[in-house]
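2 protein chains.
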Amino acid sequence: MPKTLADVGEFGLIHRIHKLLKKEGVKTPGVTLGIGDDTASIRPRPGYELLVTCDCLVDGQHFLSDRITPLDLGRRAMVVNISDIGAMGGQPLYALVSLGLKTDMPVADVENMYRGFAMELNPFGASIIGGNITKIRDAIFIDITLLGEVEQSKLMLRSTAKAGDAILVTGYPGQAAAGLQFLLRSQSRKDIREHPLVRAFNTPSHRAREGQAIARSGYATAMIDTSDGFLGDLGHICQDSSVGAVLIQEELPISEDLRQAALELKLDPYELFLQDSDDYELIITSRPKNAAQICSAVASVDNVPVTEVGKITDSVGDIQLILPDGTRRHITPVGWDHFTKGGR
Amino acid sequence: MPKTLADVGEFGLIHRIHKLLKKEGVKTPGVTLGIGDDTASIRPRPGYELLVTCDCLVDGQHFLSDRITPLDLGRRAMVVNISDIGAMGGQPLYALVSLGLKTDMPVADVENMYRGFAMELNPFGASIIGGNITKIRDAIFIDITLLGEVEQSKLMLRSTAKAGDAILVTGYPGQAAAGLQFLLRSQSRKDIREHPLVRAFNTPSHRAREGQAIARSGYATAMIDTSDGFLGDLGHICQDSSVGAVLIQEELPISEDLRQAALELKLDPYELFLQDSDDYELIITSRPKNAAQICSAVASVDNVPVTEVGKITDSVGDIQLILPDGTRRHITPVGWDHFTKGGR
Chain B
1 MPKTLADVGE FGLIHRIHKL LKKEGVKTPG VTLGIGDDTA SIRPRPGYEL LVTCDCLVDG
61 QHFLSDRITP LDLGRRAMVV NISDIGAMGG QPLYALVSLG LKTDMPVADV ENMYRGFAME
121 LNPFGASIIG GNITKIRDAI FIDITLLGEV EQSKLMLRST AKAGDAILVT GYPGQAAAGL
181 QFLLRSQSRK DIREHPLVRA FNTPSHRARE GQAIARSGYA TAMIDTSDGF LGDLGHICQD
241 SSVGAVLIQE ELPISEDLRQ AALELKLDPY ELFLQDSDDY ELIITSRPKN AAQICSAVAS
301 VDNVPVTEVG KITDSVGDIQ LILPDGTRRH ITPVGWDHFT KGGR
Chain S
1 MPKTLADVGE FGLIHRIHKL LKKEGVKTPG VTLGIGDDTA SIRPRPGYEL LVTCDCLVDG
61 QHFLSDRITP LDLGRRAMVV NISDIGAMGG QPLYALVSLG LKTDMPVADV ENMYRGFAME
121 LNPFGASIIG GNITKIRDAI FIDITLLGEV EQSKLMLRST AKAGDAILVT GYPGQAAAGL
181 QFLLRSQSRK DIREHPLVRA FNTPSHRARE GQAIARSGYA TAMIDTSDGF LGDLGHICQD
241 SSVGAVLIQE ELPISEDLRQ AALELKLDPY ELFLQDSDDY ELIITSRPKN AAQICSAVAS
301 VDNVPVTEVG KITDSVGDIQ LILPDGTRRH ITPVGWDHFT KGGR
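Note that the protein sequences, when read in sequence, are chains B and S.
If you're matching positions, the first sequence starts at 1 in my numbering and goes up one per residue.
If you're matching positions, the second sequence starts at 1 in my numbering and goes up one per residue.
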């Protein structure tokens, strides 16, 4: 029988995690006091903004523990946070990981979760500097606080889009939403894991490198990641910048995979694109003449596509979709809302 | 019927919390971008260490939601984190609050929880700069990340105690453990809340002001808060400083309330003092000749007693208790361990 948390105890588990991170994690400079103490201590760099974000994943709510490997779950939880730092143009540096786990969980699963964390942090030279582990009876949770830094002049905001700006998006939003539908509808849980859209849901790509390159270029006016769905986050830009937006449906980048999946699922691919979908792509606004520079900035780090999908307008809070026949539809931003009746 | 989270939704709830914090919270300097964004941005002060701690409270594990008011629960969750920052000699500055809540929870309860957070942060000029709220089905949780600062030369550690040092403790550890016993054994849930030892459990006092004063004095060699119980945390000092300790049982500060309670509960007051108890007092070590200065430092901010209870020795990892008859008992540090069988 595999060793469980009940077998090794909290301190035994922490000891194993320290060992694992020492071996498989990197050491970030600037840490005066790291994991193992109640409090971590770091020396921030002068001239830099310190960024702090936290995101919590709960089983049954943000992931399905029986349809994702512990390694992928660890990666996913860290990606969600890295995405937030990257959307500000920042570099991830230090993570604190709070876990709520069940006593019958195999130790190897927890270790693989930490491998997943390290796998995402290591490329940035970022590390886990603290956290805590708590016993729970029910749905496990992973709550991560991630600290990062960005040069003071390069901080990207959601509140600085201007009427007339072009709206750009990285990658293919909507894929994760389709992947989630496949996961929910599948009978055999393991076979489906390798489906490309299921992978898009289980281990989404953050665009932190791209976000940093965009921030460094100086050509973006605003930026946000699509953690609340494309429309939800475009809505955040509109609300916080006091602007509106028009989107051209034909320009929305629908991947061939998503088009196929939508057919199979009997769903509208544009709805999948616009509504809740955990893709962690970036929405960027820029003066129209600078859109090409945004594309070049992204191309300098990766080959992810950047697509111009519409324009920022001065109709505060109003987002319109122009259909192929030229008619306009008012679309209300609906992001993640976990509490209202019917919400996931 | 009171409004629940399902009635107002996640964004509705967040809007209410913003309003509440604007009215009842303080604004901490140095925040470039605060609550409402996915990521907060701050400008740390040069010459200061940035401290980061996180602690998670889970219903049934760290508190009993039917035996604590939402206001007190908010206070308690924040105190636990403030205590960690204070034990390093630090000043609390910025909090991120992650909540796992049930949809049928009254909005007023969540608001009162935030009032509790603000009540503890306000005296430090500290504020909530971010966080997130997630729907859960079962036991609610409160996971707080607290950032603070301390002058680089004043950072207090647990790893710097020296053989020959005096061991001092603030207040009366063990009271919270007795309070928890009363809570667990009580039938009528509300009457018991005002019992002084139940209050010691539900709304423990942190010693952050005292910790700062001790750090500023420069006379302490090591410091830690008693979040893992007196013996658990003395054990952390011994392990991380590669030292041992002797304690004199007759010197342990057992409050009159605790002595009475122990009789009533048929428990040993010294066991209550030494083992798991959520009092959040401070253990301080200092050269013996400087013990009086530690007491003066604490007296400069508060009238909480400071008691010398033993000495640091060079017997690495060995903690002994000298009984009134002069015999010595080896006592193994047992701190919080949530996973091993039989652990809470």
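Any given hint could be a false lead.
Pairwise CB distance ranges, derived in the manner of DEER restraints [what the hints assert, rightly or not]: (1) Arg43/B / Pro123/S: 41 to 51 Å; (2) His330/S / Gly12/B: 54 to 64 Å; (3) Glu24/S / Pro2/B: 28 to 38 Å; (4) Pro46/B / Asp191/S: 51 to 61 Å; (5) Arg216/B / Gly317/S: 43 to 53 Å; (6) Asn122/S / Lys27/B: 34 to 44 Å; (7) His15/B / Val304/S: 30 to 40 Å; (8) Glu264/B / Arg45/S: 48 to 58 Å; (9) His18/S / Pro29/B: 48 to 58 Å; (10) Pro46/B / Ser159/S: 26 to 36 Å; (11) Arg45/S / Lys27/B: 37 to 47 Å; (12) Gly125/S / Pro123/B: 55 to 65 Å.
Source of the hints: derived by calculation from the structure; they are not laboratory data.
Backbone N, C-alpha and C define an ideal beta-carbon position, used for all residues, glycine too.
Consistency of the hints with the structure:
At roughly 27 Å, the beta carbons of Arg43/B and Pro123/S sit outside the given window of 41 to 51 Å. Judged by the Cβ atoms, the range 54 to 64 Å given for His330/S and Gly12/B is violated: they are separated by roughly 21 Å. Hint check: Glu24/S to Pro2/B, Cβ distance near 49 Å, so the stated range 28 to 38 Å is violated. As the Cβ distance of Pro46/B to Asp191/S is approximately 56 Å, the hint placing it in 51 to 61 Å holds.
Take Arg216/B and Gly317/S: their Cβ atoms lie about 51 Å apart, and the range 43 to 53 Å holds. Range check, Asn122/S to Lys27/B: about 37 Å between beta-carbon atoms, so the 34 to 44 Å window is met. Evaluation of the 30 to 40 Å hint for His15/B and Val304/S yields a pass: the beta carbon distance comes to about 34 Å. Between Glu264/B and Arg45/S the beta carbons are some 56 Å apart, a value that agrees with the proposed interval 48 to 58 Å.
For His18/S and Pro29/B, the hinted distance range of 48 to 58 Å is not satisfied, since their beta carbons lie about 36 Å from each other. Here the CB-CB span from Pro46/B to Ser159/S is close to 27 Å, well matched to the stated 26 to 36 Å. For the hinted restraint 37 to 47 Å between Arg45/S and Lys27/B, the CB-CB distance of approximately 25 Å leaves it violated. Between Gly125/S and Pro123/B the CB atoms are about 38 Å apart, so this pair departs from the stated range of 55 to 65 Å.
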